[in-house]
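Peer 1: First to last, the protein sequences are chains B and C. Residue 1 is where the first sequence starts when you use the numbering used here, and the numbers rise one by one after that. Residue 1 is where the second sequence starts when you use the numbering used here, and the numbers rise one by one after that.
Just so you know, these hints were derived from the structure itself, not from any lab. Please read these numbers as outputs of a predicted model, since none were measured by experiment. You can take every hint at face value.
In silico lysine to any residue, SDA-like type, Cα no more than 20 angstroms apart, as pairs:
1) B:K44 / C:Y46
2) B:K44 / C:K110
3) B:K44 / C:K3
4) B:K44 / C:V104
5) C:K110 / C:C12
6) C:K110 / B:E40
7) C:K3 / B:G59
8) B:K44 / C:K107
9) B:K44 / C:G106
10) C:K107 / B:A88
11) B:K44 / C:V85
12) C:K107 / B:P39
13) B:K44 / C:I39
14) C:K107 / B:G42
15) C:K3 / B:E103
16) C:K107 / B:E40
17) C:K107 / B:E41
18) C:K110 / B:L38
19) C:K3 / C:G50
20) C:K107 / B:G59
21) B:K44 / C:S41
22) B:K44 / C:H40
23) B:K44 / C:Q42
24) B:K44 / C:Q45
25) B:K27 / C:Q45
26) C:K107 / B:Q37
27) B:K44 / C:A92
28) C:K110 / B:P39
29) B:K27 / C:Y46
30) C:K110 / B:Q37
31) C:K110 / B:G42
32) C:K3 / B:E41
33) C:K52 / B:E103
34) B:K44 / C:T5
35) B:K44 / C:T8
36) C:K107 / B:L38
Listed here are the chains, written in short residue letters.
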Amino acid sequence: NAGVMQNPRHLVRRRGQEARLRCSPMKGHSHVYWYRQLPEEGLKFMVYLQKENIIDESGMPKERFSAEFPKEGPSILRIQQVVRGDSAAYFCASSSRQGLTGELFFGEGSRLTVL
Amino acid sequence: DAKTTQPTSMDCAEGRAANLPCNHSTISGNEYVYWYRQIHSQGPQYIIHGLKNNETNEMASLIITEDRKSSTLILPHATLRDTAVYYCIVRANAATQGGSEKLVFGKGTKLTVNP
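Please take these sequences and the hints and turn them into a complete structure.
Peer 2: Pasting the structure below:
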């Protein structure tokens, strides 16, 4: 059973470009979470999505950032007009709603570098 | 904001037990204690969780005090590969308790296992 798959693993963008990060949850999981980790800092929650719905976006910056989790295909975290401060590791996690444990399974992350 | 307090760092000798403490004095009756770890640059990994009883799995043991205000994660025979940042998180089990789905990570404890 494949784990949470994130791609690209590494992405380099110039200031002002767009970054798109993709996350395929574990098979059977319909809940996706995105976290950001700045260099030498902890993980910060960004957004929680279920299929076709944003449930909690309390950690998302108000501008330039958006996320979606369509009925078909991976979840996408989109960052428009990137700035150097967006350089970070972005982790995706998934969970099963039916799982009473509530544990999250994380991917290996996508590392964004903004030049 | 994280509801737990952990030491910033700890050291342990290889082959010895690593005991990682966590204070969660404001824990609510419906909140579970979760432990995750993050090995350098990798995605966080679930270790164990519990409500009020002690728990054990193939990775670790979790000891929760009777008043539930603190807990200890025990790695019985630490190896060099256990060097990581260990996060203690409290959260209601969303599947059954209607709690928030997301996990809020604090700064964790940097455990270094020495040869």
